[in-house]
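Model the full assembly from the supplied sequences, consistent with the hints where possible.
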Amino acid sequence: MAELLTTRKENYSQWYNELVIKANLAENSVVRGCMVIKPYGYALWENMRDVLDKMFKQTGHQNAYFPLFIPKSYLSREASHVEGFAKECAVVTHYRLKQSPDNEGVIVDPDSKLEEELIVRPTSETIIWSTYKNWIQSYRDLPILINQWANVVRWEMRTRLFLRTAEFLWQEGHTAHQTKEEAIEETEKIIHLYADFVENYMAVPVMVGLKTASERFAGAVETYCIEALMQDGKSLQAGTSHFLGQNFAKAFDVQFLNKENKLEYVWATSWGVSTRLIGALIMTHSDDKGLVLPPKIAPLQVVIIPIYRNEEQEAKVSEVANAIVKELQQKNISVKYDNRDEYRSGWKFNEYEMQGVPVRITVGARDLEKNQVEVFRRDTMDKKLATPDVVVDEIVDLLEDIQQNIFNKALAFREKNTCVVDTWEEFKDVIENKGGFVSAHWDGTAETEEAIKEATKATIRCIPLNNPQEEGKCIFSGKPSKERVLFAKSY
RNA sequence: CGGGAUGUAGCGCAGCUUGGUAGCGUGCUUCGUUCGGGACGAAGAGGUCGCAAGUUCGAAUCUUGUCAUCCCGACCA
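So for the first sequence, the working numbering puts the first residue at 549; every next one is plus one.
Errors might be hidden in some of the hints.
[Unchecked claim] Result set (EDC-like, lysine to aspartate or glutamate): computed pairs, CA atoms no more than 20 angstroms apart in a straight line:
#1 LYS896 to ASP930
#2 LYS1021 to GLU1031
#3 LYS976 to ASP949
#4 LYS976 to GLU998
#5 LYS896 to GLU631
#6 LYS1030 to GLU1019
#7 LYS844 to ASP949
#8 LYS864 to ASP915
#9 LYS1027 to GLU973
#10 LYS874 to ASP780
#11 LYS918 to GLU867
#12 LYS782 to GLU812
#13 LYS957 to GLU812
#14 LYS1037 to GLU995
#15 LYS931 to GLU942
#16 LYS1005 to GLU974
#17 LYS884 to GLU942
#18 LYS807 to ASP689
#19 LYS782 to ASP977
#20 LYS964 to GLU980
#21 LYS798 to ASP689
#22 LYS570 to GLU974
#23 LYS557 to ASP780
#24 LYS798 to GLU890
#25 LYS1001 to GLU973
#26 LYS1001 to GLU963
#27 LYS728 to GLU812
#28 LYS932 to GLU917
#29 LYS1021 to GLU998
#30 LYS931 to ASP941
#31 LYS976 to GLU729
#32 LYS1037 to ASP941
#33 LYS1030 to ASP991
#34 LYS964 to GLU747
#35 LYS918 to GLU901
#36 LYS957 to GLU901
#37 LYS884 to GLU867
#38 LYS737 to ASP598
FYI, nobody ran anything at the bench for these hints, they're computed from the structure.
In C-alpha cells form, the structure reads like this:
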C-alpha cells in the first residue's frame, strides 16, 4: 500500500503533482522547467490533437510549419507584443561549440557569434506575418487560414507539469482576412470550436468570454477565452482566440488591393490551445484514486484483467477475454488484455484506476462457471455483472454514459461554485473561503481591476459572451456598471 | 532577484551531534510457493556519499568555497 496518492483535501497541488507522475503521464526532465511527456501522456495529447486537427480542417484550415527561430528584430516590430514576451524569451547567440582548451568537454566558440541573434519562438505571429506579407497582394489571396502544430518556449520562473512549462506543445492558428467583420467572425468561430471540443470530448465545461484589456494577449485588439473551473476552486484558461485587428498587418506592412483597386491592411486573428489542456483535464475529473479520463480521448478505453489459479483456468479465461477483445476492436474501442503473470489482479486494478482507464472487465474462472464477467466503471467505481455475449454492447453504452456523467458532474460542481455577489465584504469572503467563480459588477476600469487583484488575488477571468445587461454598482468602487463579470483566483 | 530548505543505490530516506568496514524501505534480477482489491519466502545485483580544497594516521561525518535542485514571494498560456 505504498503507492497511495496524497488526497486532494490534504494538499491539492501535491495531489496534482503526484498524480501526473504516478499515472505515467509525464515527468520532469534534467532541463529546468521542461517536461518529458511519457507515452501514456503523449497518447492522450495525440487523441486530443487528432480531434482538433479534424475540426480545424472541417472549418477550412490547412496545416503548415514555420521556423522555430525568429530574428530578434522581428519581435520588436509590434510594441505591445514585445512588451508581453520580452521577459521570457530564450535567445540563440552562437552557432558552434568547440573542444575546451583543457579538453574537459565543450565550450561555446566565441568566434561563432551570430550577426543577428535568434529568438526561440514564444509564439509565431511575427515570423508568420513577415511571411504572409509575401503571400498577399490581392483580395483574391484572402483569406489565409493556417494552423501549425508546434512547440514554443516561454522562459517561466516557476513551472508545473502541463500547467506551465518552459517548453510546451500547442497549435497556433494564424488567419488573414479582407474585413474586420470576417476576422471577428473567425475569432468567434474558433473560440466556439474550442468550447465544443473541450466540453464534448474532454467533458470539461467552460465559460466562453472576453478578456479585459489587462488580461488580453499582447498585440491583440480583443481576446476571447474559455475558462474552466478546477476542483480547488481556481480557474484555468484553457484556450484563447485573438482578434488582432490590423496591428500585425501594420507592423509587417501586409496590404492587399481590394476590388476597388485600393490598398488596405489585412485583418488578422490568432488562436491556440496547448498541452495545458491536459492539466485542465486532470484537475477537472480526477479523484484520490487517480486519473479519471473521458472515454472519447482516453488512450485506452477498456482493460481486461484475468483471474485464474492454474493453466487450465487461464486457458478458459483467455479464450473468453480474447473473444471480447476482438469484438471491442471491431467496434473501434481501444482495449488491452493484461494477462501479465508477474502482477496480481489487485495490483492491476489499482494501476489502471490510477491511469484512469474508463472501463475494466474482470474475467475470472469462477465467473465463467456462472457465465458472467464483472464490468467496472472508473468514474463512479461501480461494479456490475454481465454475460459475455452482451457485454460489448453494454460497454458501448457505458462509455457514452461515463462521458456524459463526468461532464455533468463537472458542470454541477461549477454551478455549485459560482456565486452572484453584490457587496465587497461578501466578495472577499467568497474568494477567500469558498473559491470558485464570483459574478459581480465592475466599473470597467483597469485601476479597479488591479486594486481587487491586489486585495484578494482574484482576477477577472472573463466577461461572458451574451452577458445579460443589468444596472448595478461596482463591487469595489460603487460606480455604475451595466453588466457582471466573472472573477476567480486563477492558474 | 529576495526569503527558507535539501543534495547518500533507479526512487524515498537514515547515518553526521561524538570522524574508524556505507545502511533501511521500495524497486530490480533469479528460483519456488501464490493468484477474486497493491502476495510471500530464499538467494542476488546495484553507491566517485553533489563537486573542489582544507584539517586529520583516517572524512558521508569537521572547516571553507562552489554548483545544483526544491519550496515560498515578484512575472505568466
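Evaluated hints:
no., hint, in the structure
1, LYS896 to ASP930, "holds, 17 angstroms"
2, LYS1021 to GLU1031, "holds, 9 angstroms"
3, LYS976 to ASP949, "violated, 39 angstroms"
4, LYS976 to GLU998, "holds, 15 angstroms"
5, LYS896 to GLU631, "violated, 51 angstroms"
6, LYS1030 to GLU1019, "holds, 5 angstroms"
7, LYS844 to ASP949, "holds, 11 angstroms"
8, LYS864 to ASP915, "holds, 11 angstroms"
9, LYS1027 to GLU973, "holds, 16 angstroms"
10, LYS874 to ASP780, "violated, 41 angstroms"
11, LYS918 to GLU867, "holds, 16 angstroms"
12, LYS782 to GLU812, "violated, 43 angstroms"
13, LYS957 to GLU812, "violated, 50 angstroms"
14, LYS1037 to GLU995, "holds, 18 angstroms"
15, LYS931 to GLU942, "holds, 13 angstroms"
16, LYS1005 to GLU974, "holds, 15 angstroms"
17, LYS884 to GLU942, "holds, 17 angstroms"
18, LYS807 to ASP689, "holds, 12 angstroms"
19, LYS782 to ASP977, "holds, 15 angstroms"
20, LYS964 to GLU980, "holds, 16 angstroms"
21, LYS798 to ASP689, "holds, 18 angstroms"
22, LYS570 to GLU974, "violated, 39 angstroms"
23, LYS557 to ASP780, "holds, 9 angstroms"
24, LYS798 to GLU890, "violated, 65 angstroms"
25, LYS1001 to GLU973, "holds, 15 angstroms"
26, LYS1001 to GLU963, "violated, 23 angstroms"
27, LYS728 to GLU812, "holds, 11 angstroms"
28, LYS932 to GLU917, "holds, 17 angstroms"
29, LYS1021 to GLU998, "holds, 17 angstroms"
30, LYS931 to ASP941, "holds, 16 angstroms"
31, LYS976 to GLU729, "violated, 40 angstroms"
32, LYS1037 to ASP941, "violated, 44 angstroms"
33, LYS1030 to ASP991, "holds, 8 angstroms"
34, LYS964 to GLU747, "holds, 18 angstroms"
35, LYS918 to GLU901, "violated, 26 angstroms"
36, LYS957 to GLU901, "holds, 18 angstroms"
37, LYS884 to GLU867, "holds, 14 angstroms"
38, LYS737 to ASP598, "holds, 19 angstroms"
When held up to the earlier numbered hints, the structure conflicts with 3, 5, 10, 12, 13, 22, 24, 26, 31, 32 and 35 and fits the remainder.
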